[in-house]
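Oh and the sequence shown: position 176 is 176 in the UniProt record's numbering, straight run, nothing missing.
FYI, nobody ran anything at the bench for these hints, they're computed from the structure. Here the structure is a predicted model, which is why all the values come from computation and not from measurement. It cannot be assumed that every hint is accurate.
With beta-carbon atoms standing in for the labels, derived distance ranges [stated by the list, open to error]: (1) Ala102 / Ala147: 39 to 45 Å; (2) Asp58 / Lys6: 33 to 39 Å; (3) Arg39 / Glu145: 28 to 34 Å; (4) Arg41 / Ile83: 37 to 43 Å; (5) Ser103 / Pro158: 24 to 30 Å; (6) Phe99 / Trp162: 28 to 34 Å; (7) Ala20 / Ser183: 35 to 41 Å; (8) Arg182 / Glu33: 23 to 29 Å; (9) Gln59 / Glu179: 28 to 34 Å; (10) Glu32 / Asp154: 29 to 35 Å.
Backbone N, C-alpha and C fix where the C-beta goes; we use that ideal spot for every residue, glycine too.
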Amino acid sequence: MTPDQKGHKWFASIYDSMTARAERTFMKDVREEIAGGARGRVLEVGAGTGANFPYYNDQTEEVTATEPDPYMLQRARRRAEGIGRSIILNQASAEHLPFEDASFDTVVSTLVMCSVGEPLRALSEVRRVLKPSGELRMYEHVRYEHAFGAFWQDLITPVWRWVGAGCHPNRDIAAAVREVNRSRGRASSSGATLL
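Could you put the whole structure together from the sequences, leaning on the hints where they help?
Here it is as structure tokens:
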């Protein structure tokens, strides 16, 4: 069992209140764009407490969500029930998605790849389950391009990993997406959108 599958009970219990201000301000717009733009058969990887759930609209045929942390998954289940939306929930890590190849039209990932154990493997799994014409809709922490910002990210990461249940705000997720696209024979991010 991975640390995520054991769970972060304390972090799950404070996550929604800790992020409430961000959710009322800029994250609302982010979630409207990322989740609200999802179409067809949707997979949300790392659903956390289900903060994206209210933003999925009629353009989605079916929404399936994965979350490895059982405490976060409990809260996601309550949120889905609270909004009256049918969402299929699975306890699974992003590195080991229990789905057939090319089975989703859209994959949604918000603030997830900073916390997974193996980002390249997780992104490869996302690419595997995404249809060739599908779309990856992401919002992630990204590594600063300028040295000063990157220095501060590197400085806070050891503490933030502990506070934020494994979050590494200094990961270069954009480079990881490009690497997975190259390894899958795609020179660009066609078929996937990194927002």
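Each hint tested on the structure:
no.	hint	in the structure
1	Ala102 / Ala147: 39 to 45 Å	holds (41 Å)
2	Asp58 / Lys6: 33 to 39 Å	holds (37 Å)
3	Arg39 / Glu145: 28 to 34 Å	holds (31 Å)
4	Arg41 / Ile83: 37 to 43 Å	violated (20 Å)
5	Ser103 / Pro158: 24 to 30 Å	violated (38 Å)
6	Phe99 / Trp162: 28 to 34 Å	holds (32 Å)
7	Ala20 / Ser183: 35 to 41 Å	holds (39 Å)
8	Arg182 / Glu33: 23 to 29 Å	holds (26 Å)
9	Gln59 / Glu179: 28 to 34 Å	holds (30 Å)
10	Glu32 / Asp154: 29 to 35 Å	holds (32 Å)
Consistency note: the structure conflicts with the earlier hints numbered 4, 5.
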